[in-house]
Amino acid sequence: MKLLIKGGRVIDPANGVDSVKDVLVNGGSIELVDDNISSEADEVIDAAGKWVVPGLIDLHVHLREPGYERKETIKTGSMAAAAGGFTTICAMPNTNPVTDNEIVVEYIKLKAEREAAVNVLPIGAITKGQNGEELADIGRMAAVGACALSEDGKSVENAALMKTALKYAGMFALPVFDHCEDKLLAGKGQINAGDRAALLGLKGISCDSEEVIVSRDMILAQSVGAPIHLCHISTAGSVELIRQAKERGVKVTAEATPHHFTLSEEDITEYDANFKMNPPLRSKKDVEAIKQALKDNIIEVIATDHAPHHIDEKNCEFENAANGIIGLETALPLAITELVEGGWLTEYELVEKMSANPARILGRSDIGNLSVGSRADITVIDPDREYCIDKEKMYSKGKNTPFHGRRVKGIAACTIVGGRVAAEYGRLR
Amino acid sequence: MFARKDLLGLRDLSEDEIMTILETAKIMKEKIDNPSLRSDELKKSSIVTMFYENSTRTRMSFMLAGDYLGAMVKDLGVATSSVNKGESLIDTGKTLDQMGINVMIIRHRMTGAADVLARNVNASVINAGDGSNEHPTQALLDLFTIMDYKKHFDGLNVTILGDISHSRVARSNAFGLTKLGANVTLAGPSTLISGSMRSLGVDVTSDIKGAIANADVIMGLRIQFERQKNMPFPGLREYSSLFGINAETLKSAKKDVLIMHPGPVNRGVELATEVVDGKNSVINIQVKNGVAVRMAILKLLTDANR
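So the sequences go chain by chain: L and R. When the first sequence is numbered by my numbering, its final residue is 435 and no position is left out of the sequence of numbers. When the second sequence is numbered by my numbering, its final residue is 349 and no position is left out of the sequence of numbers.
Hint data in this document are derived by calculation from the structure and do not stem from the laboratory. All C-beta atoms, glycine included, are put in the ideal place defined by N, C-alpha and C. Mixed in with the good hints, there may be bad ones.
As the list claims (entries may be wrong) - Between beta-carbon pairs, the in silico distance windows are:
id	chain 1	residue 1	chain 2	residue 2	range
1	R	Lys117	L	Glu294	28 to 38 Å
2	R	Gly253	L	Gly193	22 to 32 Å
3	L	Arg413	R	Ala256	49 to 59 Å
4	L	Lys134	R	Gly143	22 to 32 Å
5	R	Ile70	L	Asp396	33 to 43 Å
6	R	Lys86	L	Glu294	37 to 47 Å
7	R	Gly120	L	Ser229	49 to 59 Å
8	R	Lys117	L	Gly193	30 to 40 Å
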């Protein structure tokens with residue numbers, strides 16, 4: 007099966023390419039990228055006026071399976087990914103049972119092979135049961151294909167254990183994705199500690215609860231000479247700490263979510279739990295700092311923190327509501343609208359942060375680029391399509407999004423996974 | 044004019060609406076003292092109190108307010124209800140809705156709980172305190188008491204003293220008093236106040252002496268940190284000596300300052316006994332006014348939703 011993508015603007019940051027070219031796919035891999043390819047093909051995709059980019063990679067997704075299938079499954083979550091332009095997604099380990107041993111890693115891989123619309127890479131927990139007490143079976147998980155380690159949803163409270171984990175993971179070249187939050191400082195907070203919390207009478211989550219752990223874990227990573235990847239950075243203070251750490255040579259990378267560069271605490275409508283997430287929506291000053299950090303490449307990755315929940319877990323008392331929002335089907339349009347149209351990033355930089363950079367952090371050279379011989383994971387983006395986000399049309403089981411009805415620009419016109427067209431304009435083929 | 048389904052807080056009440064409630068409460072107050080004036084205005088109304096948090100005066104005050112107007116008042120014994128079987132607040136509300144309840148009065152430890160209930164039921168919902176958000180009927184009875192003694196709000200200096208950061212009473216009073224033109228100062232140890240409260244249009248200070256000196260009204264709030272792990276101050280002894288009001292500290296205040304407290308009082312902590320029982324104290328009057336204000340609210344909401 008041959009697929010020819012004609013006349014698109016090929017943006018391939020890993021190879022320094024940004025020009026109009028054709029891309030020829032043969033079977034599951036890329037055969038040729040060149041001007042005016044005239045080869046025969048089973049299917050020709052007209053990409054004139056569109057961007058042809060490496061399949062998007064999301065380092066931070068909650069697929070909820072096994073254990074919380076009423077929120078999402080590997081099948082539905084991966085369908086949402088394909089619809090949103092993602093060809094590879096990394097699944098966080100806060101499942102039930104927790105992904106802390108090779109059996110659960112194998113289970114996720116098996117289910118993904120059978121049912122998933124895109125590549126699913128399981129992330130293993132740092133500690134057994136995410137209890138923060140003893141290391142999970144890190145080496146055995148690495149052996150069966152865990153792509154990274156993370157305690158997502160919380161930090162490893164014990165600094166000595168976190169240091170051990172960073173050192174041990176380095177032996178298997180497993181990146182560590184770090185959720186930075188000091189539980190005691192965050193307390194019973196519900197939204198950012200600021201004017202909005204004061205107005206709504208909700209308890210606040212201070213920026214220091216994130217920054218203390220950002221600072222601690224970068225010091226630990228430097229101490230053991232290991233890399234560290236910081237999840238969903240939300241404050242101006244964290245950005246400054248990362249900037250300083252990079253200057254002194256810490257191997258740190260960081261991600262920001264679309265909601266943290268699009269919304270601020272001022273957007274929170276009264277007690278609507280679709281605005282409840284962890285870390286919380288911060289002040290306008292923080293949002294500006296996140297966008298500037300993306301521009302300055304202090305933050306190299308855009309990741310969704312796709313967190314589907316059942317409606318009963320959101321339609322309740324704000325304090326009882328679960329944290330998080332879905333993101334796979336809104337990330338690309340929000341990034342184009344806020345960052346490219348907003349003048350913060352070039353198209354090239356945006357693509358880099360959603361494909362080449364995440365691939366580099368995962369240590370993968372076969373994805374995140376359009377090199378000859380690489381996996382034929384390709385996303386064709388129509389940057390001009392304008393529309394309103396409609397949660398009812400989404401594939402994710404979760405409908406928990408604060409972006410329903412929001413006007414955006416840009417859409418994944420075609421998502422190609424392993425040489426096969428998986429989705430077009432938000433609909434699965 | 045009063046045309047609301049629910050009373051959830053003072054944040055979104057207009058000055059006119061507040062004054063309507065206070066004027067109506069004046070009429071209601073006479074009915075408490077003089078049973079012959081009581082009528083059966085709410086005879087066909089059913090009211091349920093849903094207290095997910097303990098309370099003496101607010102719950103009794105609401106139940107009696109309903110009784111004095113002839114309504115049928117029931118209490119959902121939360122401790123013995125299906126709440127203990129894990130029924131959600133929304134489902135409990137919808138169940139009571141189907142039984143023909145006209146007014147639901149809810150107290151809940153979570154901010155926004157009354158708001159969630161109101162959005163999901165047809166009955167009128169009255170917030171009797173939600174988390175660290177609002178306690179509108181307490182603030183309205185405080186406003187009623189202040190109006191009774193001071194006759195106006197414009198330019199009046201009101202100091203609220205104590206555990207501000209967790210206080211729904213302080214917040215509701217701040218919303219109400221600033222709307223009516225009073226100057227509000229929130230005072231307490233730095234760990235119990237929050238600078239972000241300034242965004243509500245109030246002063247925030249730890250200078251207790253200064254906050255007392257110019258006050259026309261001093262409102263004490265209950266300190267309730269007896270059993271906490273992370274105490275925001277070293278202990279009750281230090282608190283009362285630095286932030287408590289006693290006869291000595293009161294000497295620097297205005298002669299006709301009103302001393303108020305939503306109760307229950309920790310005698311000797313936020314207010315010394317001689318202050319609680321002193322000539323400036325209107326703490327007991329507040330309780331009676333509470334019944335009058337709640338009668339007014341029940342009447343206005345019921346009339347608006349007949």
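Going down the list of hints, with the structure as the test:
Range check, R:Lys117 to L:Glu294: about 53 Å between beta-carbon atoms, so the 28 to 38 Å window is missed. Taking 22 to 32 Å as the suggested C-beta distance range, the pair R:Gly253 and L:Gly193 conforms, at roughly 30 Å. Taken as a hint, the range 49 to 59 Å holds for the pair L:Arg413 and R:Ala256, whose Cβ atoms sit roughly 55 Å apart. About 53 Å separates the C-beta atoms of L:Lys134 and R:Gly143, a value inconsistent with the hinted range of 22 to 32 Å.
Under the hint 33 to 43 Å, the C-beta atoms of R:Ile70 and L:Asp396, about 52 Å apart, miss the expected range. For R:Lys86 and L:Glu294, the hinted distance range of 37 to 47 Å is not satisfied, since their beta carbons lie about 59 Å from each other. Take R:Gly120 and L:Ser229: their Cβ atoms lie about 57 Å apart, and the range 49 to 59 Å holds. Judged by the Cβ atoms, the range 30 to 40 Å given for R:Lys117 and L:Gly193 holds: they are separated by roughly 36 Å.
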